[in-house]
Amino acid sequence: MLAEAREAAKGDRRRVRAVRKRADSDARFALRQEKRKHKHKGH
1 MLAEAREAAK GDRRRVRAVR KRADSDARFA LRQEKRKHKH KGH
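Residue numbering for the sequence shown follows full-length UniProt numbering, beginning at 1 and increasing consecutively.
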């Protein structure tokens, strides 16, 4: 039972890390889009 709980926790942690990574990449992408937008505004 303890091993199962440990495995479940490991899976949750992995899922959390994946979600965080996705959110981070989304934020980075949004930042890049904003930069591009501002760059074009200057032209």
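None of these hints come from the bench; they were simulated from the model. Where hints are given, some of them may not hold.
Unchecked claim - Now the in silico label distances, taken between C-beta atoms and shown as ranges:
1. Gln-33 with Ala-9: 35 to 41 Å
2. Glu-7 with Arg-36: 41 to 47 Å
3. Leu-2 with Lys-35: 46 to 52 Å
4. Lys-37 with Ala-3: 35 to 41 Å
5. Gln-33 with Gly-11: 56 to 62 Å
6. Asp-24 with Met-1: 30 to 36 Å
Unchecked claim - In silico DSSO-like cross-links for lysine-lysine, where the CA-CA straight-line distance does not exceed 27 Å:
7. Lys-21 with Lys-10
8. Lys-35 with Lys-21
9. Lys-35 with Lys-10
Here a beta-carbon is modelled for each residue, glycine too, at the ideal position from N, C-alpha and C.
Quick rundown of the hints versus the structure:
no. : hint                           : result
1   : Gln-33 with Ala-9: 35 to 41 Å  : holds, 36 Å
2   : Glu-7 with Arg-36: 41 to 47 Å  : holds, 43 Å
3   : Leu-2 with Lys-35: 46 to 52 Å  : holds, 49 Å
4   : Lys-37 with Ala-3: 35 to 41 Å  : violated, 51 Å
5   : Gln-33 with Gly-11: 56 to 62 Å : violated, 33 Å
6   : Asp-24 with Met-1: 30 to 36 Å  : holds, 35 Å
7   : Lys-21 with Lys-10             : holds, 16 Å
8   : Lys-35 with Lys-21             : holds, 21 Å
9   : Lys-35 with Lys-10             : violated, 37 Å
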